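Could you build the full structure based on these sequences and the hints that come with them?
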Amino acid sequence: MIGGLFIYNHKGEVLISRVYRDDIGRNAVDAFRVNVIHARQQVRSPVTNIARTSFFHVKRSNIWLAAVTKQNVNAAMVFEFLYKMCDVMAAYFGKISEENIKNNFVLIYELLDEILDFGYPQNSETGALKTFITQQGIKSQLTKEEQSQITSQVTGQIGWRREGIKYRRNELFLDVLESVNLLMSPQGQVLSAHVSGRVVMKSYLSGMPECKFGMNDKIVIEKQGKGTADETGKSGKQSIAIDDCTFHQCVRLSKFDSERSISFIPPDGEFELMRYRTTKDIILPFRVIPLVREVGRTKLEVKVVIKSNFKPSLLAQKIEVRIPTPLNTSGVQVICMKGKAKYKASENAIVWKIKRMAGMKESQISAEIELLPTNDKKKWARPPISMNFEVPFAPSGLKVRYLKVFEPKLNYSDHDVIKWVRYIGRSGIYETRC
Amino acid sequence: MTDSKYFTTTKKGEIFELKAELNSDKKEKKKEAVKKVIASMTVGKDVSALFPDVVNCMQTDNLELKKLVYLYLMNYAKSQPDMAIMAVNTFVKDCEDPNPLIRALAVRTMGCIRVDKITEYLCEPLRKCLKDEDPYVRKTAAVCVAKLHDINAQLVEDQGFLDTLKDLISDSNPMVVANAVAALSEIAESHPSSNLLDLNPQSINKLLTALNECTEWGQIFILDCLANYMPKDDREAQSICERVTPRLSHANSAVVLSAVKVLMKFMEMLSKDLDYYSTLLKKLAPPLVTLLSAEPELQYVALRNINLIVQKRPEILKHEMKVFFVKYNDPIYVKLEKLDIMIRLASQANIAQVLAELKEYATEVDVDFVRKAVRAIGRCAIKVEQSAERCVSTLLDLIQTKVNYVVQEAIVVIKDIFRKYPNKYESVIATLCENLDSLDEPEARAAMIWIVGEYAERIDNADELLESFLEGFHDESTQVQLQLLTAIVKLFLKKPTETQELVQQVLSLATQDSDNPDLRDRGYIYWRLLSTDPVAAKEVVLAEKPLISEETDLIEPTLLDELICYIGTLASVYHKPPSAFVEGSRGVVHKSLPPRTGSSESAESPETAPTGAPPSEQPAVIPAQGDLLGDLLNLDLGPPVSGPPLTTAPVQMGAVDLLGGGLDSLMGDESEGMGGANFAAPPAGTMPANLGAPLGGGLGDLFDLAGGVGTLSGSYVAPKAVWLPAMKAKGLEISGTFSRQVGSISMDLLLTNKALQVMSDFAIQFNRNSFGLAPAAPLQVHAPLSPNQTVEISLPLNTVGSVMKMDPLNNLQVAVKNNIDVFYFSTLYPLHILFVEDGKMERQMFLATWKDIPNENEAQFQIKDCPLNAEAVSSKLQGSNIFTIAKRNVEGQDMLYQSLKLTNGIWVLAELRVQPGNPTFTLSLKCRAPEVSQHVYQAYETILKN
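Heads up: the protein sequence lines correspond to chains F and H, in order.
Under this note's numbering, the first sequence is numbered contiguously, ending at residue 434.
Under this note's numbering, the second sequence is numbered contiguously, ending at residue 1946.
None of these hints come from the bench; they were simulated from the model.
Not one of these hints is a red herring.
Only pairs whose alpha carbons sit at most 30 Å apart, straight line, appear in this in silico BS3-like list of lysine-lysine:
(1) 1720(H) to 1817(H)
(2) 59(F) to 1035(H)
(3) 218(F) to 1318(H)
(4) 255(F) to 1283(H)
(5) 1327(H) to 353(F)
(6) 218(F) to 1322(H)
(7) 1078(H) to 1128(H)
(8) 404(F) to 1283(H)
(9) 59(F) to 1322(H)
(10) 1035(H) to 95(F)
(11) 1232(H) to 1166(H)
(12) 280(F) to 1283(H)
(13) 318(F) to 338(F)
(14) 130(F) to 1026(H)
(15) 1283(H) to 223(F)
(16) 166(F) to 255(F)
(17) 299(F) to 1359(H)
(18) 212(F) to 223(F)
(19) 1402(H) to 1424(H)
(20) 1117(H) to 1131(H)
(21) 1359(H) to 344(F)
(22) 212(F) to 1206(H)
(23) 1817(H) to 1730(H)
Here the structure is a predicted model, which is why all the values come from computation and not from measurement.
And the structure:
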């Protein structure tokens, strides 16, 4: 297990040092500094073995977090723990910086004592930790009920939520955030496309609400379809095939595995409910049609048409098309119907920006690129044209069907909860070869 | 909140000031002071002098202050053991505190204080805390047992804490269960023999239940523990798998990887025909792909593991090539690992895409990455024949860039392409030669020299080129020197007239001026060859080379299996077994995959070669540089082909030439035979398969000696039979038999003179035969044989004679001469005389080999009317050097797993099924040379029935 945990600043000075195991000596602190932080060349691996001691490190801005061990530990767990450690610290005092760490070193030691025992990670959910590790120097005069409430929460099945949360207004927000990735050939053939999406939930619910989340997952719809044939006909087209998904630890995985239903008691506040990937039937919000013509050896003519491919009532935002230009470009003239276009010599690209664009529209840019004659035999590699945008729907086609809330002990029902759903589709790596 | 100020106090007399503050009456001031002390401690200052003052602050109801004092104690107690005792009372008192948080804190901290005297006092509070009503205290106490065990294992056992800990596995609180599992697993690791965890179906069930309820970390502890369990049959394995699969959707990558580990391990036990098996395979791919969207450090861990998984079960990810394409922003360690996996997944189906990617990568900035990409292009050429042409032209394009390291790397891989496709791409040689001057790395120089030597006849100025290298001969690395020596000898053999001077120069440089024994030896070999028999030299030096294989850097199968058991851990990241990087006893326990069970498929049981796997599961590795012997065998000394033609290596690794057996004998006996020669771990494919024969058994000879030293054993000897009737041999009657005793084979002969005249001047000779049997001494008949006299002679045999495949395999043609005439006869020898004494295979090895040998090579036989029981069979066979490695009882049948080795190093693996009460046995044989199976079966029958 983890033998020790060190935090360094960018100079390699130790800010926090906590040793859990006897086999880790003080020299380990220096070994990491000398061999990794002060190493001459770039870091070649996040895991370093120095004299039979293994160091795992992650960096947050210019702060190094290193976990040390001499045993064959679960490496994935160590990294997951380091990330979690960062999350916990961020939840307590914001940005992880030298200043903040120094200011909170007592708190950090307290946290490290709690979330890592003899190198074994313990409950590290901020929601639970905040009930008994506070910056105010906790009053140890808790009532007996309070104490047992804390301990049962920390060790219990629902370690991420404390009991007794009350809101006057029960409200929840669901954000479906997707990033759509595309690689398209010049002829308009899709070479690869996938969506990676996240469902982020912000919940302000009283008590211990039991939630059930439903979306248009093909497997679920088809299963239900067996019972009611017409419903399949209605929603069949709209269901989507999910390649893989992972869930926040509050979701009951065995239930998902057996019934494919997503049920959970949410942490209070914001958390990432699930992540998913899809590759089938993706709605590509934009199509880029490039036309590049070489006129002699010193001139290029470029024409790019973009077409928006979604409902006319919706508006895409923050559209940016990036057309790469050869290194020996001497001048560029651009004409575009919409938005603004500029040649940026430092980036070797024409950047065309459009603030808003409705669905089922098209727009065009044409440019004349003048080239300096070169004796470089190597042809210009023609990097792909890339695009950025934001659209108010989910390109994967994912739809939230319901999010039901049950809290049997308190007197509010599913209907009393105010629910908000928002879809945002952003471009990931969205490229068209030309 | 400006605690950072505590970091900046560096003035003199600080300790003194702190002391005063610590003893202050004001609580706030005390706390401030302790904070300062901790800050100083963090940055490495020695504040141990303040020990008594800090400990005095311990008695407080301020929890924050208490925690700080405890932190200090943990750090300094060891250096001040006597004073640490002062703290004991407070600890003991705190363990009784009504607040569970304080009780837990006390027991947690106490366990971290490694002072004997304190440890004594810890026992009572710990015992109470293990049974505390509050789960928070219990889960902390569980870990504390592990802490205490680390300090004083004996004490923990004596106090009975282990039993209490075991009871906690049935605790109602999932977190207590998880911590108890973690503690027990750790303790069990340092007692490999103890049955501490005592996993059985009931406790496994408890763990699986807790798995659904505990924290993400607890799930990891439990899954890692589950992975050590050995289900009793395939049904149990499947039911565990079913309950573990949901974990694949967990957001925590470590949970996912640990679940993958359990599944990969238990999958071994499932029959491939099961629907569930293929369902499970399908379920594994998506989560593995999803791991690649995690943070880069985790991606790295995931990729290192995927690398193992792809080698073990290539079918899982074979369609997922695209996800391994390198992204511009990936950190270098992720890029390099992705590239590795891309090469492994490259196939005819995706090669075009892969090549396009690799070409992109070759123009990146990172030198290591570019080199690896270039090398990968070469590997693609070798792996996918259809793409070779395109790969070569891509490499040529890259050479044109004239980027030094790209050129060198390209030349190294082009050498391998030449090896794989001889006489196909020589047109590129001219381009390569243009870059001769820019090569400054030994590997590239050696590769270039090899190419020049190999194609000397087509390069007009080959002699000039090689001569230019010769100038700085002594400054070159050994690799280059050896290669240069060989290349010039090749050149000489091809163009003898113009290059005599050159060859003499290099031979004298190598033999007289060098102090490198390898170089000298090789020089002398060539020198003698050239001076005694140039034709033989040509045959040796210019012999056809065995083909190189398509897969590289494969992990040796037994190690791979072991690493699969360590998925997710450091071992899987390093690709080394834990013993390689963990000190002491921990982690030395060797883990292995479970064997396949289930009676229904036991006949073809441990077969795991996945369907999509390349036919040559046998890893064949291009020898690492500096691997001199491998190098020598490979490139220069490929022996001329005699005997049956070779089935060419990599495509048909399964059917290694029976006669040579060089492969197996090299593997089996390398330590004894070669006296510690440094072989690349699995040298298989690159070792010339037909080594045995024409080198006069040179190397084979060495190996056979090893076979000779063994335990005392006498195998079954058949009664003598008449081989040569008197009628056919002018009155000489020969009868005989074969025997094997104490590692030596002999032919026991009875010579009877039925003629009327005295016989004398006996001599015997064998024709070439399948196993190289030959008389080890002349036939000695001391006195002339008078009429009607019979003499008994035992003729020692060895197996270093010339080899030729006979039909039947065990046919031996013998010529006997006496003063009258020469007589010929042939006889069949029982194969068991060739079973060597060290034919007992390691269990691990057995398992791996069994899997490794393709199924086509398996043969099944019935042995009828044999009334023996399993024990008797086993001991009887052992007498004839058939060794029982393992025995298992499956549904009332005894399964014996046995191995034997022939004198030429061929291993035969056997599975013998014995059913009590049924005199018919079933024998399954697996061998890389399936031809021997029939004869091995006969040997079995002979031994068992006599």
